[in-house]
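Residue numbers (this note's numbering), protein chains in the order written: chain A, 1 to 491; chain B, 1 to 172.
For the record, the hints were derived by calculation from the structure and aren't laboratory data.
We put the beta carbon where it would ideally sit given N, CA and C, even for glycine.
Please note that the accuracy of each hint is not assured.
Calculated Cβ distances over 12 Å to all of chain B for the following chain A residues [as the list claims (entries may be wrong)]: (1) His11; (2) Tyr39; (3) Asp50; (4) Gly60; (5) Thr234; (6) Pro465; (7) Ala467.
Okay, derived cross-link-like pairs now, DMTMM-like style, lysine to aspartate or glutamate, Cα gap no bigger than 20 Å in a straight line [what the hints assert, rightly or not]: (8) Lys32(B) to Glu118(A); (9) Lys380(A) to Glu453(A); (10) Lys137(B) to Asp339(A).
Given next are the chains, with one letter for each unit.
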Amino acid sequence: MVEERRILYEHLDVPDINTFDVFRQYDGYTRFEKAITEYQPEDIAKMVMDSGLKGRGGAGFSTGLKWSFVPRDIKPCYLCCNADESEPGTFSNRYVLEKNPHLLIEGILICCYAMGIETTYVYIRGEFTLGKKMLDAAIKEAYEKGYLGKDIRGTGLNIDIYTHPGAGAYICGEETGLIESLEGKRGQPRNKPPFPAVEGVFGKPTVVQNVETLCNLPFIVGNGVEWYTQMGPTYADTRANPPTPDPNTGTKLYCISGDVNEPGVYELDLGLTCSELIEVAGGLRGEEVKAVIPGGSSAPILTHYELDTRLDFTSLTLAKSMLGSGGIIVMNETRNIVDCLLNIMKFYAHESCGQCTPCRWGTPWVRDIVQRIADGDGRKSTMTRPKFGVAENGRWGDTGETEEIYEDLDLLESVANNIANVDTMTWNTICVFGIAVSWPAVSYLRKFRPEFEAAIREGKLVTLPVAEATVPPEENYAYQQRFIPKEFADL
Amino acid sequence: MSDELIQIETPFAFNEENQREFNALIGRYPVKEAAMLPTLHLAQRQAGYITPAVMKYVAEQLEVSVMKVKDVVTFYPMFFEEPVGEYVIRVCHTLPCALRDCKGVLEHLKAKLDTDIAAETNLAKGTTPDGKFTLMKVECLASCDVAPVIMVNDDLYKNLTPEKIDEIIDNL
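Bound-form chain A, shown alone (with noise of 0.2 Å):
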């Protein structure tokens, strides 16, 4: 059984963790004293970049990467962490917030001195009503202990920590709508580019951060760059030639939910597999696992034949899906898929910011198609038509035979994939909201048809065995290209 490696939760449990005196006997602010004493702020940007440590806020996308994109010599520049945390499924920002908000503290403050910033806003949901009392307490401590305000501990840096309440829109997650929600505004998200690393928060370059990401800085330096990336895969990718690598490394802070015995986060390396932290979360509840959501609700489920998934950042874009911020919901067989669709599909129409036309009508459209299947009023024509599947010779194409038409299950995917096409990886929207609605709403249905052909077929919610809910992977195009990355590949 793969064991926990609790590095960013090590201390969570310590009680009274929260307060200054106790963090600091856990070597808390030391890692920081190390940054300023030992490093140049060139340097840590460099072991950021060295470390392979990827975005845990959800697109993953290199953190050293992003802080080379800022420019050094426009200021003010600007923090922003994102502790906006409302993906369906991901809750371990919330217990770093409530118990352990100083190591918070010490990551901002490495990030502020490596990147040259002064301001930092805490984006906090404004549900986190205990979160943001004790991180507001954390600030208050620190700045009396002289770890934030001017001249810190005399070396002539000036560093302001402020939070900023949000007020219940999940759209402010993503950042360039948490970058308009902190101006005062509607949390609507902006076109790219420019990005918020050129033209951020008041026109300003900005750095935006989920909390995870910064809490992971100062075991970076505190640790070393050869210590971080022994943890967690380090794959080649051979699209380039020579192959460069792509790093996985550091923990994950995987929040499990749903059908499992012991929901929780549980912090374990990058790169262990489903079926794997399943049973490090106790174990299944109930007798089969019908379904697994890899990364908050937003990601395309994965069937009871992808169990063997890899759960990090690489494995799971090959597999078409993603680790998102990593909350992980698993379901047994009592459950059904149509049902959960329509679950998730409320919580997007709901959430819609109203921007875009084809997000704003389609979320709703297709919201109101899934209810109309769940209710038993599915439309089925009376006609067929020839089915498209792998034909005789090996390759997709007409297999020859006939298909009855679900008209409401065509209509489905096709409102579906004109918010965001999930085939071409193209969205009609501004920000990746629209990817995020459609990707679960396609992948639900192509993995899970029987279930949705039944429901439509029958005039009810029919919720059926595991093995028959499922399309198998040779069956369905949405696994085609599915590829598993060799494991640690030479490099």
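Since the structure of chain A is provided, determine the placement of chain B on it from the hints.
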């Protein structure tokens, strides 16, 4: 919204404590408008909900138009434009909670409080006649490991069962 409409409302102004907090807030941002969300939170805490008078006051304080404040208030679900009960009960009903029977929680609360669920544009629908409780559904509260969860004002209650809910409500 015309000025006449606003005049008929009771005028709003921050009390001393909130004024102090507001003054501290405003210094954090290079532009005053950026303090919008925290200011509205403060105002809502004092007034109970965001009346046109509150919007007008906030607009004056931040030196923006009333329309801009209204724009923001209507966007964010945490700002109320109608009166709500003393205790706002937010029931999470997103997937991880749904997998742990949040429907049962909702039904139990509905029966216990003898009220319907508030609609976003009709909060009165979910408010008890005595004005003590408002019951509403919200999206993910980021506590999926301890689902099902509810939030009563600022407090989160975890791993709910009907007995636990009774205890929570009776103690309010």
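Taking the hints in turn, this is what the structure says about them:
1. His11: At roughly 19 Å from the nearest Cβ of chain B, His11(A) sits farther out than 12 Å, so the non-interface label holds.
2. Tyr39: holds (29 Å)
3. Asp50: holds (32 Å)
4. Gly60: Holds: least Cβ distance 20 Å, greater than 12 Å.
5. Thr234: holds (30 Å)
6. Pro465: Holds, since 19 Å exceeds 12 Å.
7. Ala467: holds (21 Å)
8. Lys32(B) to Glu118(A): holds (19 Å)
9. Lys380(A) to Glu453(A): holds (9 Å)
10. Lys137(B) to Asp339(A): At roughly 18 Å apart (the allowed maximum being 20 Å), Asp339(A) and Lys137(B) satisfy the hint.
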